[in-house]
Every structure is written in structure tokens, then in C-alpha cells.
Amino acid sequence: MTARPTPRPAGGRIMGDPGPTGRFGSFGGRFVPESLVPACLELEAAFRSAWADPAFRAELAAILHHYGGRPTPVTECARLSAELGVRVLLKREDLAHTGSHKLNNVVGQGLLARRMGKHRLIAETGAGQHGVATATAAALLGMECVVYMGEVDTRRQELNVFRMELLGAEVRAVTSGSRTLKDAVNEALRAWVADVADTHYCLGSVMGPHPYPWMVREFQRVIGEEARGQCRELLGGSDPDVVVACAGGGSNAAGIFAGFADDSDAGLVAVEAAGGAALTAGIPGVLHGMRSALLQDEAGQILEAESISAGLDYPGIGPEHAHLAELGRARYVAAGDGAVLDAFQLLARTEGILPALESAHAVAWVVAAAASGELAPGTTVLINLSGRGDKDVAQVRDLLRGRR
Amino acid sequence: MTGARAPGTLEAALRARRDAGHKLLVPYLTGGMDDGWLLALEALAGAGADAIEVGIPFSDPMIDGPTVQEASLRALGRGTTPDGVLADLSRVDVGVPLVVMTYYNVVYRAGHERLAGLLHASGVTGAIIPDLPLEETGPWAAAADPADVATVLLVAPSTPEDRIGAVCARSRGFVYAVGRMGVTGEQTELAASAREVAARVRAATDLPVCVGIGVSTPEQAATVCQVADGVVVGSALVRRLLEGAGPEGAAEFVGSLRRALDAG
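Residue numbers (numbering that gives the first Met the number 0), protein chains in the order written: chain A, 0 to 403; chain B, 0 to 263.
Isolated chain A (complex conformation):
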């Protein structure tokens, strides 16, 4: 990877405040029906006020520490590094409570909802990680919770449905459209229109109408800020050469990038699923309240994403990622299902860590880039290990049996 100078927006940070129109360059915005505009404006005002309030931040930090297990460690991977010839560090979001980075966002939004006087959370989920996290936050804060999940996904992730129900949430199977994540978002938005007075829509990624892409990135920024300091300790005051994260909607990538985008020379790489690569294969469009890169046909009909990991099966990506790609500050690449399965097993075998299939996309790209020489020998690579793979073990077993 060669460092190259990055154009910086005039007078602002690269990953800064997108302002009242919610724009990241030409991406973002607030493309929602009028019924939801007042709720989005109210949410933006509430978030601005809360985020400027040290008491709010202290409460969030305390919960993420005492309840969520933050800070999560950075782990040096001696055996994997030896095998790949590059120095690999992992930011261990898999060790956060509920098994992924999703908790950072849902605790933030749950506290914000409470501050706004709303007692009910609704959420969409694909694989179930964000649904489980939202159900967890609702249980912790004593709120009602309804999770919308595509009917196809409720069958693929039956255990996560039960897990959400154990946590006191109601899971509603979505039977419209392709019955997967994008339809769950549609259904959650429809439900929000009907119950907007007492309900907060706890969106799970850096997507949707303003202020969600910005707010969720700010709630996930803790990953990047922790990692920056931890890397400096490990690397004698230096930053890693490259920071790599998987991206579906792109919240874990946005969170770790936020620690490095503005004032470090670290290269940033986001790895999409080959079957859902909005920035690699998509074109600009508007869906779910945002202008971003989307998989769509000639007439603007949205196409379905498909990959090994339900969490990356989304035909779009957060608008700030489209902006970072346009600026050239981050690179967007794709990993295919086969390489991901290999990476899953490699990390298990060399480091004793089962990554989520989503996170295994980031590992897969590092493996390939080390082999091709794109990552020069000795390069230091920080991978955001956004979640743990326990949820995927049965699926991986079936896939590996199918391979033989």
C-alpha cells in the first residue's frame, strides 16, 4: 500500500459533523416521507444535545465499561503473522458483551431514547446480531423492544430469534419483498411511521436518514479511539500501516476508521462481501433515507445482496463510506465466500479465535493481500474483529461438509 495525500474537506475533518443536511460530500441526506421528517429532526437535536453533555457521555462510557467489557483489547497475532509475513493485530470487538461491536451503538441509542422520553425500541436485523444487541439494551434499560427480521433470516438464524425472545423482545418475521435485511429495514421504517410518538427506531448501522449515519459512527468511534491508543502502546508510538474492517452497512468500519481517518497516515480498507459489494459493484442512488452506492438495475429497482454472511447481505452501504471512497481516503474491496471460509478456519487454527463470518471477510482480504505482495512483508495491519463466530459454527460446519 502506498501512502498518498488525501484531499481534505475545506475547514472540516474528514470524519466530522455532516451538518444540518447530513451530507458527506454529495452522499447522505434525509430522504424520508414527511411523516418521519419531524422525528428525524427531533432525533438530530437530541443527539447533538446529548453528545455535547458530559453527563450523557459519562453514563454511556460507564455502561460500556462495567456492563459491556470495554475497552476491548488489541491482540497481537504471533502465529498468524508468521504464516502471512505481515504483522497482524486484532481489535477484539468479539469480546464485547453480546459478541460484537453492535452493543456500542445500541446502548448509546437506548440512552438517547430514554432521554427523549421514548420507552419503546424497534430495530431491524439481518443475522440477528443487531437484534440481539437491541434486545439486550432494551432489557438493560427496561424498555419494550420489537425486532423486524426477514422471514428467510428467521429460519437461517433460528437460535438468534430465540435469544432475542429470551431477552424479552418480540421478533416479527417480515414477509414482504425478498424477506431479508433490506425488507426488515423497510418494515421497521413503516412501523416507525405508525408509532413515532413513543417509539425510537434503533437503526443498526451507519445508514438511513440523517442523523443516523453520523450518530451511529459517533457511537462506534470508541473502537477507533481505543485502538489508536492501544496500537501506539504496542508499536512504540506509531500507528498501524493499514486498518482493515468488513463492511455491510459499515458501522464497525466507520467506528475504527474514525480513530485514524483525520490525523494518521494509516491506509484504510473496507472489505465488502463479493455478493453484496455496494461500493465495488453499485452505483449512486437513494434508499432507506440516504444517497449512497446501491446495487440496482437500469430502472432503479434495488437488487438483492447474497453472501455467506447474513450481516453483510445489504444492497447498500453507509453514505460516509461512499464519500471516503470518492475522496480516496479509504479503499473498498470485496472478498468471496470461499476465501472467507478459509480465513475463518485459518484464524481458528493459528490463534484460537473463531471470527464472525462478517469479520472473516477482513481477515480474508489480509490473507490475499499478503500473498499477492500488495501488503509488503513486515507491514503492520490492524484488523477490526467486529464479532465472534459462535453464531456461525453450525453454518460453517454445513458449508465445509458440502465442500468435501
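If you are wondering where the hints come from, they were derived from the structure by calculation, not from laboratory data. Take the hints with a grain of salt, since some may be wrong.
[Unchecked claim] Computed Cβ-Cβ distance ranges for the label pairs, DEER-style:
| # | chain 1 | residue 1 | chain 2 | residue 2 | range |
| --- | --- | --- | --- | --- | --- |
| 1 | A | 48 | B | 161 | 18 to 24 Å |
| 2 | A | 197 | B | 251 | 51 to 57 Å |
| 3 | B | 15 | A | 54 | 57 to 63 Å |
| 4 | B | 20 | A | 19 | 40 to 46 Å |
| 5 | B | 35 | A | 337 | 44 to 50 Å |
| 6 | B | 169 | A | 25 | 17 to 23 Å |
| 7 | A | 197 | B | 35 | 40 to 46 Å |
[As the list claims (entries may be wrong)] Far from chain B, some chain A residues (derived; all Cβ distances over 10 Å):
| # | residue |
| --- | --- |
| 8 | 12 |
| 9 | 33 |
| 10 | 50 |
| 11 | 57 |
| 12 | 58 |
| 13 | 65 |
| 14 | 77 |
| 15 | 119 |
| 16 | 235 |
| 17 | 344 |
| 18 | 348 |
| 19 | 400 |
| 20 | 402 |
No experiment lies behind these values; they were computed from the predicted model shown. Idealized CB from N, CA, C, for every residue including glycine.
Please arrange chain B on chain A, whose structure you already have, making use of the hints.
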């Protein structure tokens, strides 16, 4: 208000009907939902529609309930495209203004100027794009205004007073007052919010005010028109078409709405 602005074709037509003492009846159907949709369109005009709203189907219709979702899916399953719907519309002259309803990605993908030109050439005089709120309207309106395609904006029960004036000032053709907080779909009872929102919009503008979303029966239409200038009726009609009512059934239902409005 833009006092110097000359009313476009849609606004002029609706104003003329209103000023002649009529309540405005605007039925909705999804373009391309079946083989006979153009016949249904003509039947609606013959049964007393003052304008007709034609949906250009989108894969992810987030403000639509199950009935219009189903019609959209059927249309897309038949290979319906925006250009195809407009080509069909350009072949008919139903004698009342046509307004398309679609989602912004369809507009964005087609290109603002290209689509505005196509709409005009197809005889369409208005466009309702529900996921394009006031703040995001600019680039589309810059193409639509000169093409005499009225950009109809929505006011919702949740819209605060200070915002209603701004939305009405930018709306063209008429103002679409959203009758209830929710998605499109039939309701057994008219929500109290339908009359309330109509009254609030009525107080803010001289443009025609039509209430849609949650207006399903002749009785509900007549009730809401005690306050509003007209109604948009979608799901109740689309359900009948999905059930196979055909042009005759569509005309019969729209005729019953017409009689209820005229009996006032």
C-alpha cells in the same frame, strides 16, 4: 407565497373544478399491475375521477402497506419499467390530469431532466415522490418546474405548524395531506387526524388540499371532504383490482365515491 407564479396545468385544472363547486376525487392505481390496467385507468376517468394518480412501481415502497406492495410486486414481476408505464400513458387520453407517484430512486436513476421531459411528453402533469421531503426537493423541482410537472408535496399529522407553510409554498398542483400516521392501506375508521391535518393545511394555503392515506370508503371520503377539497383513494381501489374486479368493478367503486362526494 409565490404570488407572481402562474399556476401549472394540474393546479389550474384542479382549481377550476374546485371553484365550480366540486370536491376532487383522485383515485390511485399501480401502473402495469396487470394486463388491463390502462382499461381500468380509462374507466376511472369515466366514473368521475378529477385526476388520476398512477404508481410507477418500485422494489422497496416504504410508505406503502401490503396492498400497494402486492400491486408493485405484481407489476415488477410482469417486467414493468418506468419507461414502459410512461409509454403506455402516452398512448391514452383519459381527459383528466395524470399524476405519477413513485420513489426517489426511480427518479434519480432515470435522471431528473430526462424523467421530467418524459413525463411531460407522456401527458403527465404532476409527480408525488413521498421520500423526497421539502429539504431534498430542489434538484428535482429545478427540472420538473420548467417541464410543467407539478411536484406535489406532503403534509403529515406530525408536521409542525411552522413547517406547513414552507411545505405548502413549495408544493405545486395541490397539497397532499397525509390522513394518518402510517403507511397506505384500508382503514375501517377514518382517523381523527385526517380532518385535523386537512384543516391545518387549509388554513395555510389556497392550493387545493387532498387527503390521502387511510381514506377507504365513500362515507370516509365525504367526511374528510367537509374540510378538504378532495381525497386520494388508493388501497381500497387497488385491492379490488387485485381481486379481479376489472375496469367495471373499478368504475363501480369510483362511481360510489363520486356520488358520496357530490351528495356532500
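Which of the listed hints are not met by the structure?
2, 9
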